[in-house]
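Fit chain B to the known structure of chain A by using the hints.
These are the residues of each chain, in order.
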Amino acid sequence: MTLVLAAIVHVAAVRIYPSAIMLAFEARYEPNRVFHVPEVTAGKLRIVRPSPDLLYSLAVFDLSEGPIRVTAPVPGSYVSLSMYGSNTDNFYVTSDSQLADSGFDVVLIGPHDPEPGLAETVIVRAPGETGVIVFRYFIGDGSRAEKIRSARQQIALRPVS
Amino acid sequence: MNRLLYFGSAIVVALVLGTGSAWWAVAGFGSDAVRYGSWKFYPLVGSSAASDLLRARIARAGLLALNESEAIYFIADRDEEGHELRRDCAYRLDGQELDARWWSITAYAKDLHLIPNALDRYSYNDVNVAREPDGGYVIHLSGSPRDGNWIPTGGKGAFDLALRVYDPAPALLGDLDAVELPRIVREDCADR
Numbered sequence: 001m002t003l004v005l006a007a008i009v010h011v012a013a014v015r016i017y018p019s020a021i022m023l024a025f026e027a028r029y030e031p032n033r034v035f036h037v038p039e040v041t042a043g044k045l046r047i048v049r050p051s052p053d054l055l056y057s058l059a060v061f062d063l064s065e066g067p068i069r070v071t072a073p074v075p076g077s078y079v080s081l082s083m084y085g086s087n088t089d090n091f092y093v094t095s096d097s098q099l100a101d102s103g104f105d106v107v108l109i110g111p112h113d114p115e116p117g118l119a120e121t122v123i124v125r126a127p128g129e130t131g132v133i134v135f136r137y138f139i140g141d142g143s144r145a146e147k148i149r150s151a152r153q154q155i156a157l158r159p160v161s
Numbered sequence: 162m163n164r165l166l167y168f169g170s171a172i173v174v175a176l177v178l179g180t181g182s183a184w185w186a187v188a189g190f191g192s193d194a195v196r197y198g199s200w201k202f203y204p205l206v207g208s209s210a211a212s213d214l215l216r217a218r219i220a221r222a223g224l225l226a227l228n229e230s231e232a233i234y235f236i237a238d239r240d241e242e243g244h245e246l247r248r249d250c251a252y253r254l255d256g257q258e259l260d261a262r263w264w265s266i267t268a269y270a271k272d273l274h275l276i277p278n279a280l281d282r283y284s285y286n287d288v289n290v291a292r293e294p295d296g297g298y299v300i301h302l303s304g305s306p307r308d309g310n311w312i313p314t315g316g317k318g319a320f321d322l323a324l325r326v327y328d329p330a331p332a333l334l335g336d337l338d339a340v341e342l343p344r345i346v347r348e349d350c351a352d353r
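Taken in order, these protein sequences are the chains called A and B. Numbering follows the working numbering, with no gaps: position 118 of the first sequence is 118. Here the working numbering = 1-based position in the second sequence + 161.
Here chain B stands alone, though its shape is the one from the complex:
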């Protein structure tokens, strides 16, 4: 009886440990990334060469992502000083044109869904973004309205940004270190 209890308990503990550690690893989404400033890039997304762990992470956080021959995805969850992006803070994103067919920048809440707002404004792309005289662009991310390009991100908790680059030029894909990705500058926070 004691032996049965021992083995039963060991199996239950193993199941809890095994599934718990698996979920922790899947939700982690970090170790496969290459970091470029605030932005992270996952080179083997969608590829048959992806590890089981990366496949599981994509299934959780980006199901049906394209492989890098068609699109590359950069994710930013920190500003340029390394602070977590918070919905009670205001940010200024400064970007330049990218060598690709088109690109877009989208804000997501911590639950990986779009941030609800009255304007239904969740993103900008290379066609609808208002440009600066030098061809670059500024996008404001904040709870209160801003002039120009503005994505409402107000609320509580963290958020992140996805920069999608579709049909990237071979030169861009071949030298991501040289790509000038948007800078994310924190301007102010509600508790300051």
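Bound conformation, chain A alone:
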């Protein structure tokens, strides 16, 4: 009996662990608000294995009150927009090289929300009501720092009216 119970605990612990880590991460940030992570150095960060070649901006999304629209310009160098479910899955990612126009414009909807009738906008259905959005900006040799700073400041998350 002990071994069977231990096996059940093992499977449950492995299954729960990713969601527990994500919930703890999400709890640190006010939902639907963008946070700009300072340049990565050797101090202890909330994310392990951070890349010092990237600048990160992130937001915890909460779709309980409806879809949100994510917009951001591109700085003329690599930038990606990625979205993670509360089980850590990277359910959506795109980068500047895949954009037809000059910036990101994505509407994020909940698992049961009807699709909004928005032309010219990418609609992404999240697997759950909460998760994390991450923008990654490639620093390169640092020469585009001002353009990146300006682009980060223009990231916007707002309700879809």
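The set of hints was computed from the structure by calculation and includes no laboratory data. Glycine included, each C-beta is placed from N, C-alpha and C at the ideal position. Treat the hints with care, since some could be wrong.
Unchecked claim - Now the stretches of chain A that chain B is said to cover, found in silico as 3 or more residues with beta-carbon under 8 Å:
| # | stretch |
| --- | --- |
| 1 | 33-43 |
| 2 | 48-54 |
| 3 | 84-92 |
| 4 | 111-124 |
| 5 | 150-156 |
Stated by the list, open to error - Away from chain A, derived, C-beta distances all over 10 Å, residues of chain B:
| # | residue |
| --- | --- |
| 6 | Gly179 |
| 7 | Asp255 |
| 8 | His274 |
| 9 | Asp281 |
| 10 | Val299 |
| 11 | Ser303 |
| 12 | Asp336 |
Unchecked claim - When the alpha-carbon atoms are kept at most 20 Å apart in a straight line, the in silico SDA-like pairs for lysine to any residue are as follows:
| # | chain 1 | residue 1 | chain 2 | residue 2 |
| --- | --- | --- | --- | --- |
| 13 | B | Lys271 | A | Ile47 |
| 14 | B | Lys271 | B | Glu245 |
| 15 | B | Lys201 | A | Thr41 |
| 16 | B | Lys201 | B | Ala323 |
| 17 | B | Lys271 | B | Arg292 |
| 18 | B | Lys271 | A | His36 |
| 19 | B | Lys271 | A | Val48 |
| 20 | B | Lys271 | B | Cys350 |
| 21 | B | Lys271 | A | Val34 |
Relative to the frame of chain A, chain B by itself:
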């Protein structure tokens, strides 16, 4: 009373065994990997097809990793002879260009955080690395300063390297066996 004690003890042992073995499995980070020389690659990182165990391993050692359509991550914790990378040893990393939008190589201490150093130098990328005449590059990893590309890794304990390849070309993604990943050669160690 004895029966209650027996069941209570069995439950406690099961909890300890279950959580202990789960942590051991999560911290293991090995069986899902495909190995290319010194480098390991985890094909289903970030994917909805990942197993519960791989998700748990990523949550511990690489939370918010991208899936392979956008970036692929290679991790090296051994040199080309199979010896663990040690912070009291010096290494030479020889690499060639990769078919991708950009790449970077970063050193991490055993706690998965960057290795503190006075230069705040933790990595090189394809833009800021100094090139050899043939277009390749050499990066030195050691405690004492080296000419050229140098990441200070001095200290005690093990370390590892992450090679991030962003927006990889379909040809690269489709044939990882053909990719020429950097060689990691141990040069000397403090106890030699």
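These are the hints, each one checked on the structure:
Note: the stretch 33-43 of chain A has 3 residues with beta-carbon separation from chain B under 8 Å; the three-residue rule is met and the coverage holds. Check on the stretch 48-54 of chain A: 6 of its residues sit with their Cβ under 8 Å from a Cβ of chain B, so the three-residue criterion for coverage holds. Interface restraint, the stretch 84-92 of chain A with chain B: holds (6 residues with C-beta to C-beta distance below 8 Å; minimum three). For the stretch 111-124 of chain A, the assignment as covered by chain B is violated, since 0 residues bring a beta-carbon within under 8 Å of that chain's beta-carbons and 3 are needed.
Only when three residues or more bring their CB closer than 8 Å to a CB of chain B does the claim for the stretch 150-156 of chain A stand; here the count is 0, and the claim is violated. Listed as a non-interface residue, Gly179(B) fails to keep its Cβ farther than 10 Å from every Cβ of chain A; the least gap is roughly 2 Å. Distance to chain A confirms Asp255(B) as a non-interface residue, since its nearest Cβ pair spans about 20 Å, more than 10 Å. The claim that His274(B) lies off the interface is violated: its Cβ sits roughly 6 Å from the closest Cβ of chain A, which falls inside the 10 Å cut-off.
Its beta-carbon lying about 6 Å from the closest one in chain A, Asp281(B) breaks the requirement of being farther than 10 Å from that chain. For Val299(B), the requirement that its beta carbon stay farther than 10 Å from each beta carbon of chain A is met, with the minimum near 18 Å. For Ser303(B), the non-interface assignment is confirmed: its Cβ lies about 17 Å from the closest Cβ of chain A, beyond the 10 Å cut-off. In this structure Asp336(B) is separated from chain A by more than 10 Å, as the shortest Cβ-Cβ distance comes to about 21 Å.
Distance hint between Lys271(B) and Ile47(A) is fulfilled; the C-alpha atoms sit about 15 Å from each other, no more than 20 Å. For the proposed pair Lys271(B) and Glu245(B), the alpha carbon gap of about 11 Å is at most 20 Å, so the pair holds. A threshold of 20 Å between alpha carbons decides the hint, and for Lys201(B) with Thr41(A) the separation of about 25 Å lies outside it, so the pair is violated. Proximity of Lys201(B) to Ala323(B) is assessed by CA-CA distance (about 10 Å); at most 20 Å being required, the pair is judged to hold.
In summary, the hint linking Lys271(B) to Arg292(B) is not supported, as the alpha carbons are separated by about 29 Å, beyond the 20 Å threshold. The suggested pairing of Lys271(B) with His36(A) is violated, with an alpha-carbon distance near 27 Å, which exceeds 20 Å. A distance of roughly 11 Å separates the Cα atoms of Lys271(B) and Val48(A); the hinted pair therefore holds under the 20 Å criterion. For the given pair, Lys271(B) sits about 18 Å from Cys350(B) by alpha-carbon distance, which is consistent with the 20 Å threshold.
Simply put, Lys271(B) and Val34(A) have alpha-carbon atoms about 31 Å apart, too far for the 20 Å limit, and the pair is violated.
Violation of the numbered hints given earlier is confined to hints 4, 5, 6, 8, 9, 15, 17, 18, 21; the remaining hints are satisfied by the structure.
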